[in-house]
Amino acid sequence: MPILTADMSAGTLVEWRKQPGDALTRGDTIAVVETDKGLIDIEVFTPGVLEKIIVQPGATVPTGAVLAIVRETTPAAAPGRAAAPPPAPVVAPVRRAVTPAAAPSDRVRISPLARKRAIELGIDPGSVRGTGPGGSIRREDVEQAAAARAVAPAEKPRAPLDRQARARQAIGAAMARSKREIPHYYLATTIDMHRAMTWLAEENLKRPVPDRLLYGVLLIKAVALALRDVPELNAVWRGGEPVRSEAVHVGVAISLRGGGLVAPALHDTAGKSLGDLMRGFRDLVQRARSGGLRSSELSDPTITVTSLGEQGVESAFGIIFPPQVAIVGFGKIVERPWVVDGQVVARPVVTATLSADHRVSDGHRGGLFLAAVDRLLQEPGRL
Amino acid sequence: MSAPAALDRQHAVALLHQMLLIRRFEEKAAELYTVGKIRGFLHLYIGEEAVAVGAMQALTPEDGVVATYREHGQALARGIPAGSLMAEMYGKANGCSRGRGGSMHFFDVTRRFYGGHAIVGGGLPVAVGLALADKLQSRVRVTACFFGDGAVAEGEFHESLNLAALWKLPVLFLCENNLYAMGTALARHQAQPDIRRKADAYAVPSEAVDGMDVVAVEEAARRAAAHVRRGDGPFLLELRTYRFRAHSTADPELYRGKAEVAEWKQRDPIGSFTARLREMGLVSDADLAALETAVGGEIDEAVRVAEAGPWEPVEDLTRDVYTETP
Amino acid sequence: MTTMSYRDAIRAAMREAMRTDPRVFLMGEDVGGYGGAFKVSYGLLEEFGPERVRDTPLSENTFLGAGIGAALGGMRPIVEIMTVNFSLLALDQIVNNAATLRHMSGGQLSVPLVVRMTTGGGRQLAAQHSHSLEGWFAHIPGIKIVAPAVAADARGFVLAALRDPDPVFIFEHATLYPVEGEVDEQAGPAEIGRALVRRPGDAVSLITYGGTLGMTLQAAGLLARDGVEAEVVDLRTLRPLDTETVLASVAKTHRAVIVDEGWRTGSFAAEVSARIMEGGFYSLDAPVARVCSAEVPMPYAKHMEDAALPQVPAIVEAVREMLVLHG
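Top to bottom, those sequences are chains A, B and C.
Heads up: the first sequence begins at 1 in this note's numbering, then just goes up one per residue.
Heads up: the second sequence begins at 1001 in this note's numbering, then just goes up one per residue.
Heads up: the third sequence begins at 2001 in this note's numbering, then just goes up one per residue.
Chain A extracted, bound-state conformation (with noise of 0.2 Å):
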C-alpha cells in the first residue's frame, strides 16, 4: 500500500485494474485506492507482469502492507522498496540547560509555599535546611524543621526576645496540630520508688560528687528498655504510617530560661550506662539553655519523657511531639501511704503517665508498657 497522501497510513483497496497474467506497463493504473483524500489510482513504477494479488477489494491495510506480487521485466533501480518511512535521525531531546535561578547570596531560596507555611509554624527559613534544588526550602522541609521542633537559633546571632517569641510560636503551632491530627489516649500509674530511691542512695555515695545520679536519669532508662515489651511506641509518624525504629532516642524536655521548652535526644537511650546519660542529660540542658544544640538532636527523638516534678505538679499528661507517637510524663516523687505486704507504709512514689497516638498502639499495650517501667524500676541495679 503506498503512501499517497501526506499524514496516510492506511488505505483501503477499492478495485484491481489488473488480472494475474496481465503485463505491467510504467504508468499504467494497477488499482484504485480509497484515502480519507479520496479515490486515488496506484501507478506501475516498474514494468514487469502482475503474479498473485495478496489483498482483496474491500480490504483496509496499513501502508507499507504487501498488495500483490510482481515480477519485474526489467532490473529495478532500487530506491530502497521499504515502505517503511526512512529512519529519522535519532532526535535526542534538546535539552535545554536548565540553570538554577541565581538568588542573592544573602536571600533564602524559599518557595512562596514553603514561606508561608514557615510563618504559620513559626519557623525562621534561615534554620531551615532546604533539599529543593539549588539548596531551596520546600514546604516539606520547613514542616520537618517544625516537627523537630526548630526552636534552633540559626547561625546569626538574634536578640533573645526575639528568639522566645519564635519558640512561643513555634511550641505553639506544633502543639495545636498535635492535638488536631494526633488522637490521643491517657494512662496513668503510680510507681513505688523506694528501691529506686534506695539504690540511688547508695550508689551516688559511691561516685564523686560530680558524677552523680539524678533519679530522672532512671526514669528515663527505663523508658527505654521497656520499649523492648512495647517496641511500637518509638516510632515516627511518616508518609501516613508510623515507622519504628531499631534505636532508641528518648527525647527530654528542658524548659528554658524565659520560658519556652525544647526536648532534644539523648542519642541511643537504651545502649548507655547511667554515668554516661547523665552526663548526656547535663550536657543537653547546658547547651539547651546557651543555645548550643544541634539540629539532630532535635529531630532525632523516637518519644519524649517529660518530668514535671520540680514543679510539684504530681502528674504530668504531655501533648505528642509530631511526629513521635507517645509522649512519658512523670510527676514529682511524693511520699504516699502505700501497702506493702497487708501493712500500710509511706513510699516514696511517683506517677507515671503515657500519651499515645491511638492510631499506634491502644490502652492494652500502653498499660503493659507502663507496666514494664515500673518492672524496670524495681530493679534499678539492672537499668
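These are calculated hints, taken from the structure and not from any lab test.
Some clues are possibly wrong.
Here are the computed lysine-lysine pairs in the BS3-like style, where the Cα-Cα straight-line distance is at most 27 Å [said to hold, decoys possible]: (1) B/K1135 / B/K1198; (2) B/K1198 / B/K1168; (3) B/K1168 / B/K1135; (4) A/K179 / A/K116; (5) C/K2302 / A/K116; (6) A/K206 / A/K179; (7) A/K272 / A/K332; (8) B/K1198 / A/K37; (9) B/K1265 / A/K37; (10) A/K52 / A/K18; (11) A/K206 / A/K332; (12) A/K332 / A/K179; (13) A/K18 / B/K1258; (14) C/K2039 / C/K2302; (15) A/K18 / B/K1135.
Remember, predicted model here, so these are calculated numbers, not experimental data.
Given chain A, work out where chains B and C should sit, using these hints.
Chains B and C alone, transformed into the frame defined by chain A:
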C-alpha cells in the same frame, strides 16, 4: 504548432533533454513519495515542462527567478543539480536548502533562484523588490516571476503589477495558466477568465501563448524579456498549459474528468516536440534512446546523491534563524 | 548634545543614513510628497529625490514584500507602514517571508530590511486605529522588534536597524513624536537587545517599553513621595528580550509590575512575567503584576478610552496593593 524558420538541432536537443529531465525527475519523485522517501506535499510539473524550459531560454544567469511551490521544473531548467533538489526533497543536509524547505522551498542564491513559495501570490512582491533593487543600482537584468492562474485572484497579483508598472520595474510576470487553482476551475474563480487582459488594467503589456509548445514559449519569452530588459517596465506573459497530474499527491481530482486530461495529453509537450523533431529529421530513434538513457542516468545519480546525503544535526536547529555574527 | 523631538531624531537618523549609504532608501505611503503621515520624513524627498524617497500605493503586503526583495537584491530599504493597524495587511510577507527566508533557505539568504511603524492608542482614533501589536510581532522568530521610548533611542535604533543583517521592526508610539529629549548627534547606533534602567530604585521593578515609559516614570515619582523608590526598566527591545537586566532588577527589588499597552491576555507583559517567574522565582516576594489595556476594542469617547488604557494611577495602585498584600 508554429513552424519556425529554422530550428537549430543542438538547441532542439537541449530543449528536449531539459523537458525529459524534468519529466523523469517528477515521475521518480512521485514513485519515491509512495514509499515515504519524500514527505509532506509534492506538486508535480508533469505536462507543463515546455513552460519552464521555454521561458528559461530567455534568461541569463544574472537574471533572477522567483517561483511557486510547483517549482521543480523551473529549478532544473535553471541548472540547479538534480541531486541537490532530490536531496532537498529527502530532507537531507546536502539539499539545496539544507533540508529545511523540502519540495516547496527550493532556494539557490548562486543561481539567483529565490524560491519556492508556498503562499499563493507570495512571491510576486519579492520579485518586484528584486527588480527594484536592480533599478536602484542601475543593473540591467530581469526578474522572472512564475505564478499560477490561482494567484491572479490574490490582491498581491494586482498590487505587484500596479507597482511594477508604476515604477517601471524590470519584472517578467509569467502566469502558468493550467486552468485550475487547486481544484477550482478558472471560469469558477475569475469573472474575467482572460488572464492576460488583466494586465491592461495596470497598463502592462501582455501576451498569451500556447504553453504546450516549447518553441512558441521560447519565442514569446524572448520577446517579453527583451521588452523588460530595455527598461520599458514589466511584461505579463500568460502561458496556457495543463498539468497532467493532480494538484498534489493528496488530490483525488474530483473536479475534472478523465476525458479532459486525456485530451490534453494528446498535446504532451514532450511527445509533440519529439514528433516534430522526428518529422524534421533532427532526431532519430537512436538519439531518443540515448537521451532517455542519459536522463535515466542523471535521475539515478540524483537519487544516489539524495540517499547518501547526511541529515542535518538536530543541534543546528536554531542556526540561521538570525544571521550569526562571525 | 542637543534637545530634539522624537520625530526629528528619527528623521535625523534617516537623513544621516541616506547621506552616507547609497543603498538606503525609504518607501511607504505618503512619505514623500505629503512629508510623512506623522511628519517624520518631512524634507527628505526634497533632499534625496523620488528614487530614494518613494511614495507607494496603498498596497502594504506588496510594498513590504518589495522591501524584502530589495533587501535580497542588495539594498537597505526602510519601509514605513503608516501604522501597526495597517501592518495586518502585510502579515503574510512579514511572517512567511521576512522571518523565514534565512532559515528556510538553509542560511543562503539574509533580509536586511528595516520596517518602521507607528503604534498605540490614546488619541481618540477608535478601534481600528489604536492597536498596540508589537507584542504579537515579538512572538515570531526570525525578526527583531524594538520600541524606542526616547528621542535618543528613536535615532539610535534606526541606525542600528540599518546595520542589522536581519529584519528589524521599529515601533514608534504615536504620542511620542513631539516629545523632546537629549540626543547626542555624534552617537552611534543604539544596542538592540539591551534594556536600560531609567530610574534606579529598590522597592519594586516597574518594567515597560515605548509609549508607556513616560507614565511609568510619573508613577515612580508619585510613589517616591511615599518613600517607595521604584526602579524603572525600559525594555527598549522586545525581541531579543534582555532578560538579564530584568532579572537583575527583580533580584534587587523582589517585586515587579509590568506596564504594557497591549491587551492583557497573551500580552508581551505575559512573556516578561513568565521569564521573571522562570529565572527569578526565588527573588520574588509577590506575584508579578501587569498593568495592561482592558480587553475591549478601543472606544472613541475620551473617558472610555482613558479607562481602557494603562494610566498612572493604575500603576501606582498596582504597586501599593502589592506592598500592602505582600509587604
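Status of the hints after comparison with the structure:
no.: 1; hint: B/K1135 / B/K1198; in the structure: holds (25 Å)
no.: 2; hint: B/K1198 / B/K1168; in the structure: holds (17 Å)
no.: 3; hint: B/K1168 / B/K1135; in the structure: holds (9 Å)
no.: 4; hint: A/K179 / A/K116; in the structure: holds (21 Å)
no.: 5; hint: C/K2302 / A/K116; in the structure: violated (44 Å)
no.: 6; hint: A/K206 / A/K179; in the structure: violated (45 Å)
no.: 7; hint: A/K272 / A/K332; in the structure: holds (25 Å)
no.: 8; hint: B/K1198 / A/K37; in the structure: violated (34 Å)
no.: 9; hint: B/K1265 / A/K37; in the structure: holds (25 Å)
no.: 10; hint: A/K52 / A/K18; in the structure: holds (10 Å)
no.: 11; hint: A/K206 / A/K332; in the structure: holds (25 Å)
no.: 12; hint: A/K332 / A/K179; in the structure: holds (25 Å)
no.: 13; hint: A/K18 / B/K1258; in the structure: holds (19 Å)
no.: 14; hint: C/K2039 / C/K2302; in the structure: holds (25 Å)
no.: 15; hint: A/K18 / B/K1135; in the structure: violated (59 Å)
When each numbered hint is compared with the structure, violations occur for hints 5, 6, 8, 15.
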